[in-house]
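Residue numbers (the numbering used here), protein chains in the order written: chain A, 263 to 465; chain B, 263 to 465.
For the record, the hints were derived by calculation from the structure and aren't laboratory data.
You can take every hint at face value.
Simulated pairs of lysine to aspartate or glutamate, EDC-like, Cα-Cα distance not exceeding 20 Å: (1) A:459 / B:416; (2) B:287 / A:380; (3) A:291 / B:290; (4) B:287 / A:316.
There are 2 protein chains.
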Amino acid sequence: MPKKVDVVERKNKIATATWQVILNKGIDKASIQNIAEEANMSVGLIQHNFPSKEKIIHYAMSLIIDRMEERAKARSHAFSGTKEEMLRRLMKFLIPINYEEIMEARVWISFLGRSFSDPELFKLQQKMDGYSRKMVQMIINLMKELGYLDKEEDSQLEFEILYSFIDGMVIHALQRPDFYTESKVDQLNDYYLKNIKRRKRNG
Amino acid sequence: MPKKVDVVERKNKIATATWQVILNKGIDKASIQNIAEEANMSVGLIQHNFPSKEKIIHYAMSLIIDRMEERAKARSHAFSGTKEEMLRRLMKFLIPINYEEIMEARVWISFLGRSFSDPELFKLQQKMDGYSRKMVQMIINLMKELGYLDKEEDSQLEFEILYSFIDGMVIHALQRPDFYTESKVDQLNDYYLKNIKRRKRNG
DNA sequence: ATTTTTATAATACAATCATATTGTAAAAAA
DNA sequence: TTTTTTACAATATGATTGTATTATAAAAAT
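Work the whole structure out from these sequences, hints included.
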């Protein structure tokens, strides 16, 4: 056989080309031929790596989610700095900040739209949701540890509000990246925490 | 000529058929032929009402936004009840609650995904954003009026947090409609307001 | 009553689509 | 060395696509 090729790397290259086509031309133009052209590959090579276009789409979304989870994991495993800094870092776990992250988040939105008519994509989205909830729970736990919330307090509503706030920022950040810079996000998170502290002093 | 037909009604019927195809098969399957079948019309009739497929998509998104704005307007113009009730009603201005609203919000997400590669859709999305911001500002003003916020206070950060919270709930409501019932949304909004009040007592 | 305008349908067509088929070169396995 | 396996390309194919063309019936305008 020819030079044994890294099949994962190959698939990822096809997936990222798919993202590019979706970003530049829209998801309805994400055809095998267009993906092949974007990836500088032949149609046959794409077919050699994926049995159908459906599988390309599914793989492309699952890779987006993997990337998001990786970033979140990297942030939650970075134990440098104080716990207060850790809390602030965690609160940004989903927010797309640099160009690459914004593009990925935009592609994710396209997949989210399709997930309502594609059960496989819906499952992937649910997986993403499950992971996000774990991260938000970590944030809530850290808030309790740092005295932002009472430890005995039932924090279910606090959880949902924080999660909505974070996902809302994601939606806004990918629509107005010039406004939603990292420092703007920091400012909002600080204000959010300050408000929790202010009301806590009151009980 | 034949029975003069209501051209707006006709266009809206095509637009809603487009929504259905997007919901059932995905935005990449929203072809003229599929839309025609869904609307029980001939391809020629679709073409008679729209010069191109592009225009159908644009019209379909603009109708979604009109519907959302209409609902928001209806809620903000309903002056029944106390101002506290009005505040709570306004906080739900974007949240999809019944089946129809959830479907519309899901279609909106599909258009949002495409808006990054279609300048016309992006403009429509910006229009929607502008309207939403007006509504959120109304809510902030009412919060000041009702003593939730200090009137002199610069409420820019408060504004962004509330707007993200609301848009985040939208994203969550259309993904988990069984969880995000209207009463759950009410509960979250009440808790949100209660927290503002608690911290305000402290200053 | 004749002409014109309009709503609607049927169908045609080239482009693009997803996928199948076939071929080839290279290297691992025998 | 021979065989087999694999990476990759070229091209074919039938379905679907957006759009153009043509036809028709009905009613408004003349």
